[in-house]
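Undergrad: I would like the entire structure built from these sequences, with the hints used as guidance.
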Amino acid sequence: MVDHINAPPGASFTISKITRLQAINNLQKVLSVADQGKDTGMLNLTLTGEEPKRVTAILDSISQNYLAQNISRQAAQDEKSLDFLKAQLPKVRDELDNAEDKLNSYRKTKDSVDLTMEAQAVLNQIVNVDNQLNELTFKRLKYHSCSHQIIRHIKHCWKRKKR
Numbered sequence: 001m002v003d004h005i006n007a008p009p010g011a012s013f014t015i016s017k018i019t020r021l022q023a024i025n026n027l028q029k030v031l032s033v034a035d036q037g038k039d040t041g042m043l044n045l046t047l048t049g050e051e052p053k054r055v056t057a058i059l060d061s062i063s064q065n066y067l068a069q070n071i072s073r074q075a076a077q078d079e080k081s082l083d084f085l086k087a088q089l090p091k092v093r094d095e096l097d098n099a100e101d102k103l104n105s106y107r108k109t110k111d112s113v114d115l116t117m118e119a120q121a122v123l124n125q126i127v128n129v130d131n132q133l134n135e136l137t138f139k140r141l142k143y144h145s146c147s148h149q150i151i152r153h154i155k156h157c158w159k160r161k162k163r
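Numbering (UniProt numbering), first residue to last: 1 to 163.
Do not take every clue at face value.
What the hints assert, rightly or not - Here are the simulated distance ranges between beta carbons:
#, residue 1, residue 2, range
1, Gln120, Asn44, 48 to 54 Å
2, Asp94, Ile62, 46 to 52 Å
3, Ala76, Phe13, 40 to 46 Å
4, Lys80, Arg152, 22 to 28 Å
5, Leu141, Arg93, 20 to 26 Å
6, Asn44, Leu21, 22 to 28 Å
7, Arg107, Ser145, 43 to 49 Å
8, Met42, His153, 15 to 21 Å
9, Ser105, Asp130, 23 to 29 Å
10, Leu21, Leu59, 20 to 26 Å
11, Met42, Lys80, 23 to 29 Å
12, Gln64, Leu21, 18 to 24 Å
13, Asp130, Asn98, 15 to 21 Å
Treat the hints as calculated values from the structure; they're not laboratory data. Keep in mind that this is a model prediction, so the values were computed, not measured. We put the CB at the ideal spot given by N, CA and C, even for glycine.
TA: In structure tokens, the structure reads:
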């Protein structure tokens, strides 16, 4: 959208409107994306154009959008994992309770204080689930904080761009 033009009086312009698809196709012709290395997670973006400031602004916008999408996607995956673990936790706790009941019954009949293999395995499961739950909660907080920083950065860039 054109909101102003700086030109001397009497200057003439040709303005044309293109569709979003045409704009994307035009951008794809001058943009290349390549992995910086195997499993690095780094991309190399190259955009050819005649206006360095515009090229820089476009690359910055693409980078910010890519980063925001990655954070959103990772946060969604972590949220699903967290939901799954939360759903599994009651089942595992029930299994632990049952195993403890069996263990206590065994102890009463045998006067034993050793943990059975089954009780130990269930206990290990609960510890693993709790660890995963804690890790995912931490990741969720990290991505939440990071996404707020990106949103603030994008708003700042837009304010700067509008000036």
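Undergrad: If a hint holds in the structure, say so; if it does not, say that too.
TA: Consistency of the hints with the structure:
1. Gln120 with Asn44: 48 to 54 Å: holds (50 Å)
2. Asp94 with Ile62: 46 to 52 Å: With Cβ atoms ~49 Å apart, the hint holds.
3. Ala76 with Phe13: 40 to 46 Å: Roughly 45 Å apart at Cβ, these two residues keep to the hinted range, so it holds.
4. Lys80 with Arg152: 22 to 28 Å: holds (26 Å)
5. Leu141 with Arg93: 20 to 26 Å: Since the Cβ atoms of Leu141 and Arg93 sit about 24 Å apart, the hinted range of 20 to 26 Å holds.
6. Asn44 with Leu21: 22 to 28 Å: holds (26 Å)
7. Arg107 with Ser145: 43 to 49 Å: The hint (43 to 49 Å, Cβ to Cβ) holds, given that Arg107 and Ser145 are roughly 47 Å apart.
8. Met42 with His153: 15 to 21 Å: Since Met42 and His153 have Cβ atoms about 19 Å apart, the given range 15 to 21 Å holds.
9. Ser105 with Asp130: 23 to 29 Å: About 26 Å separates the Cβ atoms of Ser105 and Asp130, which means 23 to 29 Å holds.
10. Leu21 with Leu59: 20 to 26 Å: holds (21 Å)
11. Met42 with Lys80: 23 to 29 Å: With a Cβ separation near 26 Å, Met42 and Lys80 satisfy 23 to 29 Å, so the hint holds.
12. Gln64 with Leu21: 18 to 24 Å: holds (22 Å)
13. Asp130 with Asn98: 15 to 21 Å: Roughly 18 Å apart at Cβ, these two residues keep to the hinted range, so it holds.
Hint violations for this structure: none, all hints satisfied.
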